[in-house]
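Below are the chains, spelled out letter by letter.
2 protein chains.
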Amino acid sequence: MAKEIIRATAESIGGLQVKCEARGLSFILDEPIEAGGTNIGMNPMECLLSALGGCKIIVAKMFAKAKGIKLNNIKLEFEGTFDIDGCMDKNPDARVGYSQIVTKYYMDADNSLEELEAFAEFIDTHCPVMDTVVNGTNPIHEVHKI
Amino acid sequence: MAKEIIRATAESIGGLQVKCEARGLSFILDEPIEAGGTNIGMNPMECLLSALGGCKIIVAKMFAKAKGIKLNNIKLEFEGTFDIDGCMDKNPDARVGYSQIVTKYYMDADNSLEELEAFAEFIDTHCPVMDTVVNGTNPIHEVHKI
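Which chain is which? The protein sequence lines are A and B, in order.
Residues in the first sequence are numbered from 3 upward in steps of one, following our numbering.
Residues in the second sequence are numbered from 3 upward in steps of one, following our numbering.
Hints may contain errors.
As the list makes no split between identical chains, a pair holds if one copy fits it or if it spans any two.
20 Å max Cα-Cα, derived EDC-like pairs, lysine to aspartate or glutamate [to be verified]:
1. Lys147 with Glu116
2. Lys69 with Asp112
3. Lys92 with Glu81
4. Lys92 with Glu119
5. Lys72 with Glu13
6. Lys69 with Asp87
7. Lys106 with Asp126
8. Lys21 with Glu123
9. Lys92 with Glu6
10. Lys72 with Glu36
11. Lys92 with Glu23
12. Lys67 with Asp112
13. Lys63 with Asp126
14. Lys5 with Glu36
15. Lys63 with Asp95
16. Lys5 with Asp95
17. Lys72 with Asp112
Simulated from the structure, these hints should not be mistaken for laboratory data.
So that you can see chain A by itself, here it is in the shape it has in the complex:
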C-alpha cells in the first residue's frame, strides 16, 4: 500500500469569496452576483466539475501511449444536474448534490471510435476524482472553536 494524505485549506476572505490553497498554489472561489457573490471565481459546483475534468485529462495523457491511443488532443464538456432547492432546504425530496454528471469526451486521435470508447471507459475507472464522485468517500469532521 502507498497511502498518502493530500492536504488543502479553504478560508473565508470576505463576502462569499473563499481562498483555496494547496502546496502554496491557490485560487479563489465565489458565487455569481445574482447569488450574492462578486463573480471573481467559479462557484464550488463548477470547481468540482473542473477537478473532474483535470483528473480525466491527466489520466488520459498519462496512459494514452501505453493503451495504444495516438492522442493529439482531448477536450471535455460537463453537464451536472443540480437542484438548488435541496441545499436551500426548500424541498426535502430534492437531492442536495449532483444527481447526474454527463461527461462529453472530444478526442482527436489516430484511432477508431471503438478504441476511443474503450479508452474513455479506462479513464473513467482509473480517475481518482471520478471514483470519489461516483462511489463516495468516508467523511469525518472535527470542530474547533477559535
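Put chain B on the given structure of chain A with help from the hints.
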C-alpha cells in the same frame, strides 16, 4: 423542482496542464514536477478538496445568521486519504479515489462549541459538493472522435 444544468469544460493545453473553464472564469490544473507536470496549478485531487472547502464555507456564510451563529471567521483544513497504486493499476485492492476525507473546521464565533458542532453537521448535510462526494452521483459519458 428547480433542476438546472451546471456546465464546465476542461482542455489539455500541453504536457499535463489542463485549462478548466466555466462561465468565462478559468484556472489551470497541473501536476508537481516529480509527477511529470510543471507545477503551475494544483493537482485535481487538491482541487476536489478546494471545491469542498469553497462549498462548505459558502453554505456556512449563507446560513450562519438564520441558524443563530455569530460567525466572525471560518477556515477549513482537509486531509484526504489516497493510494496512488489504485489509479496506476499497481494494486487491484487499492481504492482509486479518496477512501476518506477529514474536514477540520476552525470557527471564530460567539457561540458554544456544541452550537458550532451542530452547525458543522448542518453544513455537511446541506453542502452540494459534500453530498456529491459522500453519496456519489450517476455518471454518463459520450465519446466523440474529432
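Requested in this report: Evaluate Lys72 and Asp112 at a C-alpha cut-off of 20 Å and name the case that applies: within, between, both or neither.
Outcome: For Lys72 and Asp112, only the intra-copy Cα distance (5 Å) is at most 20 Å; the inter-copy one is 59 Å.
Query - Identical-chain pair category, Lys67 with Asp112, by Cα at 20 Å - result: within (12 Å within a copy, 57 Å between copies)
Query raised in the report: When no copy is specified for Lys21 and Glu123, does a C-alpha distance of 20 Å or less occur within a copy, between copies, both, or neither?
Result: neither (34 Å within a copy, 22 Å between copies)
Query raised in the report: Checking Lys5 and Glu36: alpha-carbon separation at most 20 Å within a copy, between copies, both or neither?
Result: Answer is between: at 17 Å across copies they meet the 20 Å cutoff, but 42 Å inside does not.
Query raised in the report: With identical chains treated as interchangeable, where does the CA-CA distance between Lys5 and Asp95 reach 20 Å or less: within a copy, between copies, both, or neither?
Result: Cα proximity of Lys5 and Asp95: across copies only (12 Å, versus 37 Å in one copy).
Query raised in the report: Checking Lys92 and Glu23: alpha-carbon separation at most 20 Å within a copy, between copies, both or neither?
Result: neither (32 Å within a copy, 30 Å between copies)
Query raised in the report: When no copy is specified for Lys106 and Asp126, does a C-alpha distance of 20 Å or less occur within a copy, between copies, both, or neither?
Result: within (12 Å within a copy, 30 Å between copies)
Report task. Please work out whether the CA atoms of Lys72 and Glu13 approach to 20 Å or closer within one copy, between two copies, in both situations, or in neither? Result -> Close across copies (17 Å), not inside one copy (42 Å); limit 20 Å.
Query raised in the report: Given a CA cutoff of 20 Å, do Lys63 and Asp95 count as a within-copy pair, a between-copy pair, both, or neither?
Result: Classified as neither; 40 Å inside a copy, 24 Å across copies.
**Report entry** Copy assignment of Lys92 with Glu81, given that the CA separation must stay at most 20 Å
**Finding:** neither (23 Å within a copy, 32 Å between copies)
Query - Same-copy or cross-copy closeness of Lys92 to Glu119 [CA-CA at most 20 Å] - result: neither (40 Å within a copy, 23 Å between copies)
Query raised in the report: When no copy is specified for Lys92 and Glu6, does a C-alpha distance of 20 Å or less occur within a copy, between copies, both, or neither?
Result: between (39 Å within a copy, 15 Å between copies)
Checked against the numbered hints listed earlier, the structure breaks hints 3, 4, 8, 10, 11 and 15; every other hint is satisfied.
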